[in-house]
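Trainee: For reference, the chains in residue letters:
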Amino acid sequence: MPDSIITVTNLTKTYEGGTEAVRGVSFSVKKGEFFGFLGPNGAGKTTTINMLVNLVKRTGGDILIDGLRLEDHAREIYQRVGFAMQEIGLDETATAREMLQLHGRLYHLSPERIKSQTDKLLKLVELERVADKYTNSYSGGMRRRFDLALSLIHEPKILFLDEPTQGLDPHARQLIWNHLRELNRAGMTIFLTTHFMEEAEALCERLAIMDKGQIVTEGTVHELLEKHQARNLEDVFLKTTGSNLGDEEVNANAMDPYARNRM
Amino acid sequence: MISSTFFSDWYYLSIRSIKQIWRPLLALIPSLFIPIFFFVVNAASLSSFSKVPGFPENVSYRDFIAPIALFTAVFFSAGNAGIELVQDISNGYFKKLMIMPINRLAIILGRLTEVAVQAVFQGALVLVLLLLVGVRIQTGFFGVLAIFAMLMIFAMAWSCVSMISALRTQNARLVQSLFVIVFPFLYLTTSQAPMNLLPPTFRVLATYNPVTYIIEGVRSLVLGSWGDAAIWQGFLVAIALFVIMVSLTLGSFKKTLK
Numbered sequence: 476m477p478d479s480i481i482t483v484t485n486l487t488k489t490y491e492g493g494t495e496a497v498r499g500v501s502f503s504v505k506k507g508e509f510f511g512f513l514g515p516n517g518a519g520k521t522t523t524i525n526m527l528v529n530l531v532k533r534t535g536g537d538i539l540i541d542g543l544r545l546e547d548h549a550r551e552i553y554q555r556v557g558f559a560m561q562e563i564g565l566d567e568t569a570t571a572r573e574m575l576q577l578h579g580r581l582y583h584l585s586p587e588r589i590k591s592q593t594d595k596l597l598k599l600v601e602l603e604r605v606a607d608k609y610t611n612s613y614s615g616g617m618r619r620r621f622d623l624a625l626s627l628i629h630e631p632k633i634l635f636l637d638e639p640t641q642g643l644d645p646h647a648r649q650l651i652w653n654h655l656r657e658l659n660r661a662g663m664t665i666f667l668t669t670h671f672m673e674e675a676e677a678l679c680e681r682l683a684i685m686d687k688g689q690i691v692t693e694g695t696v697h698e699l700l701e702k703h704q705a706r707n708l709e710d711v712f713l714k715t716t717g718s719n720l721g722d723e724e725v726n727a728n729a730m731d732p733y734a735r736n737r738m
Numbered sequence: 127m128i129s130s131t132f133f134s135d136w137y138y139l140s141i142r143s144i145k146q147i148w149r150p151l152l153a154l155i156p157s158l159f160i161p162i163f164f165f166v167v168n169a170a171s172l173s174s175f176s177k178v179p180g181f182p183e184n185v186s187y188r189d190f191i192a193p194i195a196l197f198t199a200v201f202f203s204a205g206n207a208g209i210e211l212v213q214d215i216s217n218g219y220f221k222k223l224m225i226m227p228i229n230r231l232a233i234i235l236g237r238l239t240e241v242a243v244q245a246v247f248q249g250a251l252v253l254v255l256l257l258l259v260g261v262r263i264q265t266g267f268f269g270v271l272a273i274f275a276m277l278m279i280f281a282m283a284w285s286c287v288s289m290i291s292a293l294r295t296q297n298a299r300l301v302q303s304l305f306v307i308v309f310p311f312l313y314l315t316t317s318q319a320p321m322n323l324l325p326p327t328f329r330v331l332a333t334y335n336p337v338t339y340i341i342e343g344v345r346s347l348v349l350g351s352w353g354d355a356a357i358w359q360g361f362l363v364a365i366a367l368f369v370i371m372v373s374l375t376l377g378s379f380k381k382t383l384k
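Chains B and G, in that order, are what the protein sequence lines are. Using this note's numbering, read the first sequence as starting at 476 and increasing by one per residue. Using this note's numbering, read the second sequence as starting at 127 and increasing by one per residue.
Quick caveat, the hints were computed from the structure, so don't treat them as lab data. One thing to keep in mind: the hints can contain errors.
[What the hints assert, rightly or not] Think about it this way: if two alpha-carbon atoms lie no more than 27 angstroms apart in a straight line, the pair counts; the simulated DSSO-like pairs of lysine-lysine are:
1) G:Lys380 to B:Lys598
2) B:Lys532 to G:Lys145
3) G:Lys381 to B:Lys532
4) B:Lys632 to B:Lys532
5) B:Lys702 to B:Lys687
6) G:Lys145 to B:Lys590
7) G:Lys221 to B:Lys632
8) B:Lys506 to B:Lys595
9) G:Lys145 to G:Lys221
10) G:Lys221 to B:Lys506
11) B:Lys590 to B:Lys608
12) B:Lys687 to G:Lys145
13) B:Lys714 to B:Lys687
14) B:Lys506 to B:Lys532
15) B:Lys532 to B:Lys590
16) B:Lys506 to B:Lys632
17) G:Lys145 to B:Lys595
18) B:Lys598 to G:Lys145
19) G:Lys145 to B:Lys608
20) B:Lys590 to G:Lys381
21) G:Lys221 to B:Lys595
22) B:Lys608 to G:Lys221
23) B:Lys598 to G:Lys221
24) B:Lys505 to B:Lys532
25) B:Lys532 to B:Lys687
Whenever a hint applies, use it, and build me the whole structure from the sequences.
Mentor: In structure tokens form, the structure reads like this:
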């Protein structure tokens, strides 16, 4: 598709031991679109998003990001994408300002741009006042907001977000939603995985729902409501995945954390 | 492939890692305490060992083990690189580095530069202590520089052991427990007695232990002269270990992708 910025074809992932996390997933995301990727826990959303940024090796299929094939142009793609992961990975021995500056340098931005981006992003996520404090002193909401700022330092064309509001109170969640809407309005393509229906409904133009490693339905919110004759997105979710919290399963292939040794 | 930005990536990642040495500063104390403690205790309790036939003439036991104090100051702290790396992995920061347009060798070298800086810093503190108690470096100022160079290269190579285990196991406890392997590598050498006074089995083990060559190299720079073969042998072993271990660490990066 000519206006697609992400094109995924028949993507599969089978982990050692035979667990099929992703089973032949295909979809595309248009430039400037706010795309939601929904599914119950363990559906394969995080594995898919990690394959899109090369953090997990895919078993099969093809990924094109901004017209570039991932295996041939990883570094160019890294320059164009930002990723706020489910796990907020911060350097606890650095301050927010130091981390933003370091990331700006590692993305090879000019000193002037690093300064302007650092100031702009700290203001955007309302952390100017604590910018020179170590990140280990931040609350969960502050850490999540800062992580978002960090993923934006190089002004990526595509922003990947994996459960960006998990564990946040309603105020902090609203704040992040507003930031995301602004970024999308400014032209940034956003790929969001979430299992909060109201988040997807509030933000996303188009959605795909994933279950057991496969996409079970796809479309705009309006299209999905019509297609599944549902009252709201949660209804669509339940009808397509049959999931509720009681259906969650443990990962039978998870390693014993005390014996985790792949040497 | 080395890109045009490789050196700047290496530089900035080194600065980040070096800052971690000083935060918190107190964490440096244990790795300084151990070499000083062993030096003081061994020099006092085993001083008569220098009178045993076969011990180098005109050398006190204190001077004989002085290079070990320098060596252990570096040896005991070299594992920190792996512990810091596993922290980055477990809190997710490592993944951020992996999706940046930076060379993975720069990530390794950034950590190794921290190890080298720490080696010089800790080695310098121990050296000052040794000079204060009367130990003299026979090869002079350039000998001091050569000691630090050899220790830095070795410390970087040794720290790769902990980095490889961090990358492959991603388990902080396991990486920390690797600390114990320092002891066989340190004691199955000529650290406590010259080669000719070691029992035959120990002599064989010490001959095959690469650490022996580093210790003998540093010892020759402290007690001997520039003509000693042990000096170039020490550098040769340190450089060979460095090349092998950095290559293995780079290979382990691939294993982090599941």
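Trainee: Does each hint hold? Answer for all of them.
Mentor: To see whether the hints hold, each was checked on the structure:
The straight-line distance between the Cα atoms of G:Lys380 and B:Lys598 is roughly 38 angstroms, outside the 27 angstroms bound, and the hint therefore fails. Proposed proximity of B:Lys532 and G:Lys145 is contradicted: the alpha carbons are some 33 angstroms apart, above 27 angstroms. For the suggested pair G:Lys381 and B:Lys532, the alpha carbons sit about 10 angstroms apart, so the restraint of at most 27 angstroms is met. At most 27 angstroms may separate the alpha-carbon atoms for a hinted pair to count; B:Lys632 and B:Lys532 meet this at roughly 23 angstroms.
Proximity of B:Lys702 to B:Lys687 is assessed by CA-CA distance (about 21 angstroms); at most 27 angstroms being required, the pair is judged to hold. A threshold of 27 angstroms between alpha carbons decides the hint, and for G:Lys145 with B:Lys590 the separation of about 21 angstroms falls inside it, so the pair holds. Proximity of G:Lys221 to B:Lys632 is assessed by CA-CA distance (about 19 angstroms); at most 27 angstroms being required, the pair is judged to hold. For the proposed pair B:Lys506 and B:Lys595, the alpha carbon gap of about 24 angstroms is at most 27 angstroms, so the pair holds.
For the suggested pair G:Lys145 and G:Lys221, the alpha carbons sit about 20 angstroms apart, so the restraint of at most 27 angstroms is met. Restraint check: the Cα-Cα separation between G:Lys221 and B:Lys506 comes to about 25 angstroms, which is no more than 27 angstroms; the hinted pair holds. Between B:Lys590 and B:Lys608, the direct Cα distance comes to roughly 17 angstroms. Compliance with the 27 angstroms bound is thereby established for this hinted pair. For the suggested pair B:Lys687 and G:Lys145, the alpha carbons sit about 44 angstroms apart, so the restraint of at most 27 angstroms is broken.
Taking the CA atoms of B:Lys714 and B:Lys687, the gap is about 14 angstroms. The hint holds against a cut of 27 angstroms. Under the criterion of a C-alpha separation no larger than 27 angstroms, the hint pairing B:Lys506 with B:Lys532 is consistent with the structure, at around 25 angstroms. Taken as a hint, the B:Lys532 and B:Lys590 pair is broken in the structure, with Cα atoms around 35 angstroms apart against an allowance of 27 angstroms. For the hint pairing B:Lys506 with B:Lys632, the CA-to-CA distance comes to about 9 angstroms; that is within 27 angstroms, so the pair holds.
Taking the CA atoms of G:Lys145 and B:Lys595, the gap is about 25 angstroms. The hint holds against a cut of 27 angstroms. Between the alpha carbons of B:Lys598 and G:Lys145 the distance comes to roughly 26 angstroms, so the proposed pair stays at or under 27 angstroms and holds. Between G:Lys145 and B:Lys608 the CA atoms are separated by roughly 15 angstroms; this keeps the pair inside 27 angstroms, and the hint holds. Among the hinted pairs, B:Lys590 with G:Lys381 is inconsistent with the structure: their alpha-carbon atoms are about 36 angstroms apart, more than 27 angstroms.
A threshold of 27 angstroms between alpha carbons decides the hint, and for G:Lys221 with B:Lys595 the separation of about 25 angstroms falls inside it, so the pair holds. Distance hint between B:Lys608 and G:Lys221 is fulfilled; the C-alpha atoms sit about 23 angstroms from each other, no more than 27 angstroms. Between B:Lys598 and G:Lys221 the alpha-carbon distance is near 25 angstroms, which keeps this suggested pair within the 27 angstroms criterion. Proximity of B:Lys505 to B:Lys532 is assessed by CA-CA distance (about 24 angstroms); at most 27 angstroms being required, the pair is judged to hold.
Restraint check for B:Lys532 and B:Lys687: satisfied, since their Cα atoms lie roughly 19 angstroms apart, inside the 27 angstroms limit.
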